[in-house]
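These protein sequences, in sequence, are chains F and X.
Reminder that position 333 of the first sequence reads as 333 in the working numbering, one-by-one numbering, no gaps.
Take the position in the second sequence, starting the count at 1, then add 549; the result is the number in the working numbering.
Among these hints, one or two may not hold up.
Residues on chain X that point at chain F, a partial pick, calculated with CB under 10 Å [stated by the list, open to error]:
#, residue
1, R573
2, P606
3, G657
4, P661
5, L789
6, T791
Footprint (simulated), chain X over chain F, 3 or more residues, beta carbon under 8 Å [said to hold, decoys possible]:
#, segment
7, 78-86
8, 322-332
What the hints contain is simulated information worked out from the structure, not anything from laboratory work.
Because the structure is a prediction, the values reported are computed rather than measured.
By construction, the Cβ of each residue, glycine as well, lies at the ideal position given by its N, Cα and C atoms.
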Amino acid sequence: MNRIFVLLKAHTAARLRRCRRGFSSPRRVLLSLFVVLLAVIWIGQTLASMLLREPFAPEMFRRWVSLPLMLYFFWHVIRVAWKRPETAIEWSPEEQSLIVGGPFTASEQLLYRFSVIFTATLPKALLTTLALWPDLAWSGPFALLLALVYLELFRMVADLAASCCSARAYAGFRAMVLVLVATGCVAGYQYGRAIVNNSGVTEAVEVSGSQQVIVTLQAVRSSPVVSVVETPFLMVADVVAGRGTMVSVGGKLLLLMLATALNATLILWLYRLYHRMSAERDRRLWAARGVIASVSVGRTAEVATLPGGRLVAVTGPLVWRQARRAQRYVGSLLISMGIPAMLSCIPLFSVPSSEVAFVAVVCGVLFYTFVLLPEAIKFDFRLDMDHLTTLKLLPMTSARVVLGQLVTPVLLALGFQLAVILFAGLYRDVGWKLIAGAVAVTSPLTVVFVALDNLVFLLYPHRPTQEGFEAFVRTILKFTGKSLLLVLAGALLVFWAPLAASLAARLPVVSTASVFYCGLSAGVGLVAVFLIRCVVVAYERFDVSLDGA
Amino acid sequence: MSPDPLISVRSFSKAYEGVPAVERVSFSVKPGEILGVIGPNGAGKTTTMRALATLIPPSDGEMTVEGFDTRCHPVEVKRRLAYIPDDPRLFPHLTVEEHLTFAAAAYGVSQPDEKAARLLEDFELSGKRKTAARDLSRGMRQKLAICSAYLYEPSALLFDEPLTGLDPIGIRTLKQSIVQRAQAGAAVMVSSHLLAMVEDICTHILLLGGGQQRFFGTVDELRLEFADHGSASLEQIFFLATGETDAARQPGSSADSAVMA
Numbered sequence: 001m002n003r004i005f006v007l008l009k010a011h012t013a014a015r016l017r018r019c020r021r022g023f024s025s026p027r028r029v030l031l032s033l034f035v036v037l038l039a040v041i042w043i044g045q046t047l048a049s050m051l052l053r054e055p056f057a058p059e060m061f062r063r064w065v066s067l068p069l070m071l072y073f074f075w076h077v078i079r080v081a082w083k084r085p086e087t088a089i090e091w092s093p094e095e096q097s098l099i100v101g102g103p104f105t106a107s108e109q110l111l112y113r114f115s116v117i118f119t120a121t122l123p124k125a126l127l128t129t130l131a132l133w134p135d136l137a138w139s140g141p142f143a144l145l146l147a148l149v150y151l152e153l154f155r156m157v158a159d160l161a162a163s164c165c166s167a168r169a170y171a172g173f174r175a176m177v178l179v180l181v182a183t184g185c186v187a188g189y190q191y192g193r194a195i196v197n198n199s200g201v202t203e204a205v206e207v208s209g210s211q212q213v214i215v216t217l218q219a220v221r222s223s224p225v226v227s228v229v230e231t232p233f234l235m236v237a238d239v240v241a242g243r244g245t246m247v248s249v250g251g252k253l254l255l256l257m258l259a260t261a262l263n264a265t266l267i268l269w270l271y272r273l274y275h276r277m278s279a280e281r282d283r284r285l286w287a288a289r290g291v292i293a294s295v296s297v298g299r300t301a302e303v304a305t306l307p308g309g310r311l312v313a314v315t316g317p318l319v320w321r322q323a324r325r326a327q328r329y330v331g332s333l334l335i336s337m338g339i340p341a342m343l344s345c346i347p348l349f350s351v352p353s354s355e356v357a358f359v360a361v362v363c364g365v366l367f368y369t370f371v372l373l374p375e376a377i378k379f380d381f382r383l384d385m386d387h388l389t390t391l392k393l394l395p396m397t398s399a400r401v402v403l404g405q406l407v408t409p410v411l412l413a414l415g416f417q418l419a420v421i422l423f424a425g426l427y428r429d430v431g432w433k434l435i436a437g438a439v440a441v442t443s444p445l446t447v448v449f450v451a452l453d454n455l456v457f458l459l460y461p462h463r464p465t466q467e468g469f470e471a472f473v474r475t476i477l478k479f480t481g482k483s484l485l486l487v488l489a490g491a492l493l494v495f496w497a498p499l500a501a502s503l504a505a506r507l508p509v510v511s512t513a514s515v516f517y518c519g520l521s522a523g524v525g526l527v528a529v530f531l532i533r534c535v536v537v538a539y540e541r542f543d544v545s546l547d548g549a
Numbered sequence: 550m551s552p553d554p555l556i557s558v559r560s561f562s563k564a565y566e567g568v569p570a571v572e573r574v575s576f577s578v579k580p581g582e583i584l585g586v587i588g589p590n591g592a593g594k595t596t597t598m599r600a601l602a603t604l605i606p607p608s609d610g611e612m613t614v615e616g617f618d619t620r621c622h623p624v625e626v627k628r629r630l631a632y633i634p635d636d637p638r639l640f641p642h643l644t645v646e647e648h649l650t651f652a653a654a655a656y657g658v659s660q661p662d663e664k665a666a667r668l669l670e671d672f673e674l675s676g677k678r679k680t681a682a683r684d685l686s687r688g689m690r691q692k693l694a695i696c697s698a699y700l701y702e703p704s705a706l707l708f709d710e711p712l713t714g715l716d717p718i719g720i721r722t723l724k725q726s727i728v729q730r731a732q733a734g735a736a737v738m739v740s741s742h743l744l745a746m747v748e749d750i751c752t753h754i755l756l757l758g759g760g761q762q763r764f765f766g767t768v769d770e771l772r773l774e775f776a777d778h779g780s781a782s783l784e785q786i787f788f789l790a791t792g793e794t795d796a797a798r799q800p801g802s803s804a805d806s807a808v809m810a
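In isolation and in its complexed conformation, chain X is listed as follows (with noise of 0.2 Å):
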């Protein structure tokens, strides 16, 4: 029998002020899933995650962590979930074990030194203890926002567009990371634009057009439903899936001619 879902979407819609931000989404990702949510700009990738984490109320469905509910339960939820943003905001003035500090405090994790200091090494911050994290460059805020995810083992990682800014070997580090975590019971979600990195390391894929949901299934199913053969990269069926045709978006295409001209 296979597990529980550790999240799960039914119906979810979204407007601001009004205007449709997503219709109608559903899903659903259990313990060691990795789900990678594509689509073009706007499609509603970080809409979706940041309802799901509970920072922006859902128009209309339903969302739950662990089975709690993110408009009834928010704070169980968020004690279970991590969401790591494309920016992350940290606190310019705290050092980068401060922000362990803070991290392990408010998320209640007993005896966090052993485990920061593996994360620190991991991450490469081990000889950035006492730099405050507004003289950390883009990668490194990414790390500690990282770093201050791992720290309390949340069951649900949402990362959102999660390799921005960060170097080759971050971004190994970074991607094994995820993996091991799925691997050990976690359910997790990438947004990413980078779908060579999603093709490599997801399960499953949700894929989203102008707001709309266009497929969720394993990574095979989408070659079936989408492309005529197997061996289909991701990129070649994001194109197709999208309505997109790939060569339109070549330079010297037609269509880049007309406006050039």
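Isolated chain F (complex conformation) (with noise of 0.2 Å):
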């Protein structure tokens, strides 16, 4: 065990030096100003709601403590669900070589992977305690880490129990959850609306569509069902308040201790069993390989020109082999837009003004654009860490290798963009005048956005999967970056409007839509312009000799 410690020691100070000489280099500096900016504004938002707020009521804390924990835990299940885990447990190129091919044991390399995930989720326990600083019993800090270690631990389970099982039961298990999500939305959405009718809380009080919604919401948690579901999490909550005696809280305590312990001694199992199934299944494949061998030879022979000849002469070789990478990926992405596509259109069936619900849709769709979707559309510098020497080897100019990259993705975005605004649009019969204009407005934002999301990763490139406190404290400040950047574009936005009426008033031919449409779609456009102008600069000075992960 001692040797995984000082490995897991000599990596911790080997990615520190590095995190240090990411933040320190000159080419980096404004951005690195920027992020030190954010910190500071993470830092004293926390301490502000630490000093300042006053405790919540009891029981509306535990209800808002089990209820991230309860979401966390099942969105696992239902990520496991939608896409299968490609390898039981992710491990960089440098781990693959050191700790996998090393002389560790299975245990050992769990320990291993335990520690890093350890040292991930402690200062997001910390984070969250001095934020819930006011309404914690001493217990709370220990429980909050406890609890945020358990899920870790659980999503390492439900990628191995996925990784385990065979096609049959995973088909079976994918049906399960799709079953029961749509059962539960379908039954949840009419229970909710039956105990709102009857409680006749829509007609005592004038409430908005989205009231209605949280009120919905609200109702269905109350309902038996989820209140069983429920409870586990909400005895986690009441450790974190130190609800009940001495003895009660510590006794929950020790539950939340063992059900840790239980899922790692979980993991090591589903880990032994995972490495025999794949021996299993080699052995397997190694019995039928003369009829593979056949058949493989039999395709190849009639096989005499190259595949993708005249769509990669139309596209262009990144374009094409980017989709080719996004083609694999069909069903998730489907799922990865389909859901805030959903979610984007409430507005539609809660808001009486048409033109409202429309803007609401449109700013639906821009967040999920902005701040969810582009984890899911990759396809771009962000999965090619590996390949960057690769794509520089290329007889093409750095702008030229930057739009061939970013198309993709941009593609991807708009057309789920544009699903929703004309679904919306028709659905609502808002004109095609505020069509066209949420169109002319979103486009050039995406391109933002994806742009956006390419520079950080040039500027600090890392790996998708890689973990530790350096990948949660990047996720953390990108995400306080673009809230901030969304604040901003709100406040230009406000400025904007009563601008664009004034110049309208001087133009008597020109209504103050077309004002505001067509300056708020140049200015965008000029900023992604720009970004993709720091794109190709970022990309031209990126070092592959010193700039890897």
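Assembly of the complex is requested from the two constituent chains, each provided in isolation within its own frame, with the hints serving as guidance.
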């Protein structure tokens, strides 16, 4: 065990060194300053929330703590059902060679993994502790840390279990999750509506569409089924808040520790099972090798021409390659876009004014495109950490490479937006001008979003599966930065709206809407061009000898 | 009159964060020549090749391929040059034939089908056309990288440890193909620690040590400069030229004994 800790210590030191070098590099000094600013805002915000706010009502606090834990838990179940993990545990190439390929037992390999998870979870728990400080009991910090570690381990359990089971078992699991989710949604909606209607909430008080949704969701959450499902998470919340006697809180804390230890044991068992099953599968394939070889020879003999000849001539090699890659993830892409699309469309059914509902849908679409969708459509530089040398060797200008790399995610995002905007526009019959205006603004904005993510990646390169403290900090800062940019964009919009009105008043032929949309579109377009230029410069300056992850 | 060099390097230097890796290296490779780049680990062989391939900018000096400067005209240089690293990073999800489609499109090869079929046949990859790159062995990945490079017939070829992972048949095929490419008028650079292979196929030698150029010239000139007899092997010359004594490296030598003690 000692050698694993020696390795972990060296690994942590190396990561800190790389982090320091990355932040202090003169080429990244501006972005590093921005990151420091974000960190200050975050810490300031956390401290302010800790020092200035009043404690929540105990019952409300209890329910709000249990909710994200429950959602995160079931998210892992749904995630695994959406897409079977390609490998049971994602190891980086370095870990593959040093840990998996090293003289370590399965339990030692997992111990290393647990340590990495623990070091990444520790700051998360610390931040949550600070944010919830006025409501926490003595057991709160321990319970938060344990709960977060438990969820991370559960993620591993879900991945391992999905990798271990047979194709038939996985299909059964998938179908079961699909049925449960669909039934839950329909039953929940009906139940919530019935409760709300019977209670007369909507008649007694005039409530908006979004409030109606919230009231319905609250009713669903109070249903007997959800209450039973939520019980373990409420127990965690009780320990966090120190609800009950010292003995009961201590007992629940012990239970949580036992559950976490059980998860770790389950992981070890599944990991060994996974290796055993992989070996068995290899043996089966070996036994069937004669059949495979004859099929393969038969198939290759027929092929004489290279595939994709015409298509690649139209799209160019880079777009073609990324499209081929995206093709492999069609199912996941449809789900990643389908759910945000449905959520974005909620205002269509709850907001009375057509125009307001349409604008709300467009804003929802933009929010998902900016914050969540980029993670699902990384068919650009972000998945090409290992191929930057190959890209740099291509006989193309940097601008052409950058455009070729960014086209696929931009087109995917635009397709998603167009589908939702067109559906919303036609469903509420808002007129083609409003639809065209929305498309004119969202299209360049999509370029801005994709370019921004790629710019951050090229300045601070990392692997998509990278875990640990560094990845956690990067994610937090990226989302904070994006939120700040959204706020800034909103502020500019507020500034631009009256300005457009006054400009339109001076030009009697042109409508205010036209001036507003044209100006907005042009402004966002300029930002998009500027950001693309920044990506080109970052790509040109990317040194394959120095800037690896 | 001898032809102009296809590859020309004058006073090339490269420093990483202020630490010099290569200092004032100069050489040239004419059509038909095969330059063997040799030297101990950390001598600057890969840095020199990567700079020529426009992957890293030189700190000082000038590098040209067919007269195009690597800094001013990187796209023109890349169009004429193929760099095959020791561990080629292929696109894992693309199949063997899709890689060739990609290379043909990227380098503007017209009618690549026949050429691709011949290359796949030569490098024994015909049976793997539909196999994804991630499912290929290291040697096969190396072969695919070489096929992709040969497909667009570059005038300058840079091989960095090209025999890594290749089987004996692959080694023979590659050596033959390198000689054939040179005979067809290409300028070839081969960096390798396999001195027998270098001696076998190279017409010129660039010897680097500690980032400094120790020698550049033909194999015979190398013998004349470092060995007192014309039959000395490249391995013997290597130890003489780099200041390492062959005896000191033998197991059981006094140096080893001291360490073991």
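Against the structure, the hints come out as follows:
no., hint, in the structure
1, R573, "violated (20 Å)"
2, P606, "holds (8 Å)"
3, G657, "holds (8 Å)"
4, P661, "holds (6 Å)"
5, L789, "violated (31 Å)"
6, T791, "violated (24 Å)"
7, 78-86, "violated (count 0)"
8, 322-332, "holds (count 3)"
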